[in-house]
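Peer 1: Okay, here's what each chain looks like letter by letter:
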Amino acid sequence: MSRSDEETEEQQVWRVLSEAGLVEIRLDEFAERIRDVKRIVVVHLRELLDFNTGIKERESAAYSLGTLKGLELKVLANTPKPPDPSEM
Amino acid sequence: MPTGARTMNSTAKQLRTEGNWPPEEGQIISFKSSAGSETTILKEVRWGLVWRDFILEDGRVIPEHRISGCPQPQVWRKINEVTDVEREDCEERLLSMAGAGMDPRKRDQSFWAELNQYLAYTYLRFKQAERKVQDTER
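Chains E and R, in that order, give the protein sequences. Under my numbering, the first residue of the first sequence carries the number 1, and numbering increases by one thereafter. Under my numbering, the first residue of the second sequence carries the number 1, and numbering increases by one thereafter.
If you are wondering where the hints come from, they were derived from the structure by calculation, not from laboratory data. Model, not experiment: these values are computed from the prediction. Keep in mind that the hints are not guaranteed to be accurate.
What the hints assert, rightly or not - The calculated BS3-like cross-link candidates involving lysine-lysine, where the alpha carbons are at most 30 Å apart (straight line), are:
| no. | chain 1 | residue 1 | chain 2 | residue 2 |
| --- | --- | --- | --- | --- |
| 1 | R | Lys43 | R | Lys78 |
| 2 | E | Lys38 | E | Lys69 |
| 3 | R | Lys127 | R | Lys43 |
| 4 | R | Lys106 | E | Lys56 |
| 5 | R | Lys32 | R | Lys78 |
| 6 | R | Lys78 | E | Lys38 |
| 7 | E | Lys38 | R | Lys106 |
| 8 | E | Lys56 | E | Lys69 |
| 9 | R | Lys106 | R | Lys127 |
| 10 | E | Lys69 | R | Lys127 |
| 11 | E | Lys38 | R | Lys127 |
| 12 | E | Lys69 | R | Lys78 |
| 13 | E | Lys56 | R | Lys43 |
| 14 | R | Lys32 | R | Lys43 |
| 15 | R | Lys43 | R | Lys106 |
| 16 | R | Lys127 | R | Lys78 |
| 17 | R | Lys78 | R | Lys106 |
| 18 | R | Lys127 | E | Lys56 |
| 19 | E | Lys38 | E | Lys56 |
Build the full structure now, drawing on both the sequences and the hints.
Peer 2: Below you can see the structure in the form of structure tokens.
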């Protein structure tokens, strides 16, 4: 019996999200996690384009990608800059 | 209500079993925070895109798994239960909070909580879709 057979659906979701570092994102890892999720969306979007199917899903994925990009830029803009060594 | 009476009333309310989870608004709940274990009054329980968030009286937003007494395994929403409208509303709120200059790195605040759930939801949504495509290809 495989691990996924023994797990309930809830446990499986918990494990998948924990492994992806998405249950409770560490404050200094938001930009990285957004990039990880963007990567998954891009892969799926490419598949949809390759198969030339799911126009509505393509639009929705593209919109999500845009949202993630906007959020990533905002998070990066708010990231505290490391101290400038020349000023130390 | 005098503080003592309120505490007694709340303590009685706190003694709830898993059967009547989640707690009701106004109840005293304990949860894990970065400062350790805290006890406070619950204002509201709200479903996010994936899990339930507990809104505290002081406005902080705590995910259900950090609340003491949360039954295991935790109840999650299925990705396909989330409607397009709900997802779009969430995306709009996130962009609006970002546009207003809010910082998602303020732990336990609404932007932090909503962004956490949106990323978890989006990941699960497209991972699931990716698996479906792979299964179709086999």
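Peer 1: Work down the list of hints and note, for each, if the structure agrees.
Peer 2: Here's how the hints hold up against the structure:
1. A hinted pair counts as satisfied when its Cα atoms are at most 30 Å apart, and Lys43(R) with Lys78(R) qualifies at roughly 25 Å.
2. Between Lys38(E) and Lys69(E) the CA atoms are separated by roughly 8 Å; this keeps the pair inside 30 Å, and the hint holds.
3. Among the hinted pairs, Lys127(R) with Lys43(R) is inconsistent with the structure: their alpha-carbon atoms are about 34 Å apart, more than 30 Å.
4. Our distance criterion of 30 Å between C-alpha atoms is broken by Lys106(R) and Lys56(E), whose separation comes to about 35 Å.
5. Pair hint Lys32(R) plus Lys78(R) holds up; C-alpha atoms about 26 Å apart against a cutoff of 30 Å.
6. Between Lys78(R) and Lys38(E) the alpha-carbon distance is near 21 Å, which keeps this suggested pair within the 30 Å criterion.
7. Taking the CA atoms of Lys38(E) and Lys106(R), the gap is near 22 Å; set against the 30 Å cutoff, the hint holds.
8. Distance check on the hinted pair: Lys56(E) and Lys69(E) sit about 20 Å apart at the alpha-carbon level, within 30 Å; holds.
9. Proposed proximity of Lys106(R) and Lys127(R) is supported: the alpha carbons are some 28 Å apart, at most 30 Å.
10. For the suggested pair Lys69(E) and Lys127(R), the alpha carbons sit about 19 Å apart, so the restraint of at most 30 Å is met.
11. Between Lys38(E) and Lys127(R), the direct Cα distance comes to roughly 11 Å. Compliance with the 30 Å bound is thereby established for this hinted pair.
12. Of the pairs offered as hints, the one joining Lys69(E) and Lys78(R) holds, with about 25 Å between alpha carbons and a cut-off of 30 Å not exceeded.
13. Taken as a hint, the Lys56(E) and Lys43(R) pair is broken in the structure, with Cα atoms around 38 Å apart against an allowance of 30 Å.
14. Restraint check for Lys32(R) and Lys43(R): the C-alpha separation of about 17 Å stays at or below 30 Å, so the hint holds.
15. With a C-alpha separation of about 20 Å, the suggested pairing of Lys43(R) with Lys106(R) holds against the 30 Å cut-off.
16. Between the alpha carbons of Lys127(R) and Lys78(R) the distance comes to roughly 13 Å, so the proposed pair stays at or under 30 Å and holds.
17. For a cut-off of 30 Å, the pair hint linking Lys78(R) to Lys106(R) stands: about 28 Å separates their Cα positions.
18. Restraint check: the Cα-Cα separation between Lys127(R) and Lys56(E) comes to about 18 Å, which is no more than 30 Å; the hinted pair holds.
19. Straight-line distance between C-alpha atoms of Lys38(E) and Lys56(E) comes to about 18 Å, which keeps the hinted pair within the 30 Å bound.
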